[in-house]
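S.K.: Single-letter residue listing:
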Amino acid sequence: MADILVVVEHQEGVFKKNTLSVVSAAKVLAGLSGGEVDALILGDGVAAVADVVAGTGVRRVLLGEGAAFAKYLAVTYAGAVAEVVKGKGYGAVFAPASTFGKDFMPRLSGLLDAPLASDIVGLEKDGDALRVKRPMYAGNAIGTVELVGSPLLFTVRQTAFDPAAMGGAKAPVEKVAITAAAGGTAFISRQETKSERPELTEARVIVSAGRGIKAQENFKMVEELADLLNAAIGASRASVDAGWAPNDWQVGQTGKIVAPELYIALGISGAIQHLAGMKDSKVIVAINKDEEAPIFQVADYGLVADLFKAVPELIAELKSLKSA
Amino acid sequence: MKILVAIKPVPNPDEKVKVKGDGSGIVLENIKMVVNPFCEIAIEEALRIREKLTGEVVIVTVGPKDSEQQVRTALAMGADRAVLVEAGADLDSLAVAKVLAKVVADEKAELVLMGKQSVDDDNNQVGQILAAVLGWPQAAFASKVEFAADNKKANVTREVDGGLETIEVGLPAVVTVDLRLNEPRYASLPGIMKAKKKEMKVVPLASLGVDTTLKVKILSYAPPKQRAGGGRVADVAELVSKLKNEAKVL
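These protein sequence lines map, in sequence, to chains A and B.
Using the working numbering, the letters of the first sequence correspond one by one to residues 1 to 324.
Using the working numbering, the letters of the second sequence correspond one by one to residues 1 to 250.
Worth flagging that the hints you see were computed from the coordinates, not collected in a lab.
One or more of the hints may lead you astray.
To be verified - With a straight-line Cα cutoff of 27 Å, these simulated DSSO-like cross-link-like pairs (lysine-lysine) come out: (1) A:282 x B:225; (2) B:244 x A:309; (3) B:32 x B:225; (4) A:282 x B:242; (5) B:152 x A:309; (6) B:242 x A:289; (7) A:71 x B:152; (8) A:17 x B:225; (9) A:322 x B:244; (10) B:244 x A:133; (11) A:133 x B:215; (12) A:214 x B:52; (13) B:248 x A:125; (14) B:215 x A:88; (15) A:289 x B:144; (16) A:125 x B:152; (17) A:125 x B:18; (18) B:244 x A:220; (19) A:86 x B:98; (20) A:282 x B:144.
Kindly produce the complete structure, drawing on both the sequences and the hints.
M.R.: Rendered as structure tokens:
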């Protein structure tokens, strides 16, 4: 089939690793249906991102630079990607199922009248026909989906595809001139959640706190535990709604989907919506004083305990383990 | 301001749904249908805007006749009237967006508010597709909407990976809403009584002349991989020992 385009995510010149899983997903499609995988980067002064992407095993990197692409806007991006797709005849477009891909890809679908499968976790062939797997109903069902039309559009669940290797042979970087039209939208400001910790979607360990943490000041204890484990901090919807944690920390069906090696849930009851965001973690620890809490049904190691007693103990144990 | 709020009925999100034995669908017997939680937030925002700027809040849904119940809930919250586009079979996001675009044009809406995602299909698509079909600006995942003095523009703060982002959108626009935008009100008893008499126009899908051929077809459903889970430890010492020696993650 025709070639495949990956739209690269970066935060104003800082490469986001979720694109590596997207490249892998695109290569799965290439393996099933043929075609080569190219990457498209839109931005301003993003040659360094292009250099990283060039080493991920793509055939070529298309670089669309200009002041109008300096700030991400869905209207600008969707229009620009549509132009590239039409101009070069791509048969499929992939982007991460992050708030970046989830924002502009549906708009692209509308512009091209092309089918979009969101948050995909698998691609297969049934005879000659392509079959797409995607979670629905908060992950309680996996739908098998057929896309009709062209190009095929996908946003990719990062945790479902192993990241492509970086640092391989460099693919050529080709500058492309693309129209940028913000269509009645303008960037005003960005309020970044600042953190020295690893990103939630990239962390090996996540410590997450829910309603049971009771107050914002109690997150200090969570931070201390996270620091010992070099972990990212997550939160349930209850903690975010209460204002104890920034929105960016929410793990769940409509927040971040994570699958770290170790997920420690503190005072999280385990609502369906939260489980949807973390139940693919390799090892799950739950500390909750309510022994009936649904989180225990998915936990490998459940500890029924008052977290205000258990977490300081855990911190002490980990410290002695480190110094041993 | 004339605000159109697109809503969708979904199975009660607090109940865990199961896949039918033959994979043909989801077991919906004995599960209550409710207004998608994100749609409730959109309705609430529309009502608040109307309280400030005056105008009209029109509810629209595309689905089976049974959706009337959830439409009435929206009217009971305080919306003025409703349009139910009656579609027999399930449509995909593109088809729903094209139908909505027709209704938006017929109604001459100045703002469309809708949930960022329905918690059944979990697509997170229709609002953005609708904006593209209409050729309107979009602001997805809104946690704050503020209008300019002339009501021709709005600043929308969006919940994004990494924090919050504010963009300006010229009106008319499509805004999809996120969890932290507001806390939806409950329908009051007088509201429920009044809702029974409010106008709900039922429009047969075929009468709109929109091509709703499916481009995304759901062929079957399967249950997800189940976790073993349920393991317990007696105390913190046992937890640390197991994490270190059994799971080998420390």
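S.K.: Now tell me, hint by hint, if it's right for this structure.
M.R.: Each hint tested on the structure:
no.: 1; hint: A:282 x B:225; verdict: holds, 13 Å
no.: 2; hint: B:244 x A:309; verdict: holds, 21 Å
no.: 3; hint: B:32 x B:225; verdict: holds, 26 Å
no.: 4; hint: A:282 x B:242; verdict: holds, 14 Å
no.: 5; hint: B:152 x A:309; verdict: violated, 55 Å
no.: 6; hint: B:242 x A:289; verdict: holds, 20 Å
no.: 7; hint: A:71 x B:152; verdict: holds, 23 Å
no.: 8; hint: A:17 x B:225; verdict: holds, 26 Å
no.: 9; hint: A:322 x B:244; verdict: holds, 12 Å
no.: 10; hint: B:244 x A:133; verdict: violated, 35 Å
no.: 11; hint: A:133 x B:215; verdict: holds, 15 Å
no.: 12; hint: A:214 x B:52; verdict: violated, 35 Å
no.: 13; hint: B:248 x A:125; verdict: violated, 36 Å
no.: 14; hint: B:215 x A:88; verdict: holds, 22 Å
no.: 15; hint: A:289 x B:144; verdict: violated, 35 Å
no.: 16; hint: A:125 x B:152; verdict: violated, 49 Å
no.: 17; hint: A:125 x B:18; verdict: holds, 26 Å
no.: 18; hint: B:244 x A:220; verdict: holds, 24 Å
no.: 19; hint: A:86 x B:98; verdict: holds, 21 Å
no.: 20; hint: A:282 x B:144; verdict: violated, 36 Å
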